[in-house]
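So the chains spell out like this:
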Amino acid sequence: MLLLNCPWCGPRDETEYHYGGQAHVPYPEEPSTLTDEEWAEYLFFRDNPCGPFAERWVHSAGCRRWFNVVRDTRTYQVLAVYTHSDPRPAVGFGAQAGGPR
Amino acid sequence: MDDLTLQRRSPLADLADRMRDGAVTGSRHVRLAELPFWTMISVRVDPGSPAAAAVEGVLGADLPRWCGQVTAHGLDHVLWLGPDEWLIVSEVAPSDLHGALTDAVGEAHAAVVDVSANRTLLELSGPGARSVLEKGCPVDLHPRAFEVGRAVSTTLARVPLLLCQTGPDTYCLLPRSSFAQYVACWLLDAMQELGSDFQDGSAS
Ligand SMILES: [Zn+2]
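Heads up: the protein sequence lines correspond to chains P and C, in order.
Anchor point for the first sequence: position 24 equals 24 in the working numbering, and the numbering is continuous, going up by one each time.
Quick note, the working numbering runs 101 ahead of the 1-based positions in the second sequence.
Honestly, the hints are just simulated from the structure, not real lab data.
Values in this document were obtained by computation on a predicted structure and should not be read as measured data.
Using N, Cα and C, we set each Cβ at its ideal position, and we do this for glycine too.
Listed below are several chain P residues computed to face chain C (Cβ distance under 7 Å; list not exhaustive):
1. Trp8
2. Cys9
3. Asp13
4. Ala61
5. Cys63
6. Arg64
7. Arg65
Using the sequences and the hints given, assemble the complete structure.
Listed below in structure tokens is the structure:
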């Protein structure tokens, strides 16, 4: 069981949250100009790193707000929690081969 | 026109007898009761805006600014639901309070909605109350972490509800009306064992 620290409510059990996949996937500027392949890339293709991963969570049983978490996919260790208005923290990424993505 | 409030039927009307009979006696006594028909108004507004100040003016109380905080004035209690979302639980008639609040916010970017039928209120009270809730609530209710006057949105027995501590041994639970029967039956079942004289010695 993960214990996630909601930016507004504090530490709550994982069962109060829902997972929202990879964070920082921007909506295309001009969706109508995308090829089918580019659209499919945007809709369906996500990173699958072995290590720190920035992902979205929503506190669905609490304040119902979305926020971002950097979680190490190997250890499930939560490295950072931040809101949409915060920049992505450098925590964890710099130590990886290739650096931040 | 007839007073329609006379025809109201609470979500747990059918369980009133079972809740009364389910009261547990003894050293860890605990009882469950429904306190139906509270006025509940949902408010969404930017907390720093003039509209928020107008709402606070009507209520005579500040909108809570952090998770768990409850403010109160007169017949109104204001619960924090999110950074821009609150629930007013009140004894004022729904149309009166809703009307006063919508007049106060005017055309501002805000939402004031009468959600009185959305939830009902269950009161669980007695020295055994915390033990009952701890069987199915992920929030730490120990006095070191929770206290009288706090209210949080969480889950009990896997369903979402609002939980408030209103006295040293008294908690109010506000489940959605459609979940109320499940929550009440779950609580009645969880209460049963406290009637036993057995003490496990680890109670804190
Ligand atoms: Zn939260």
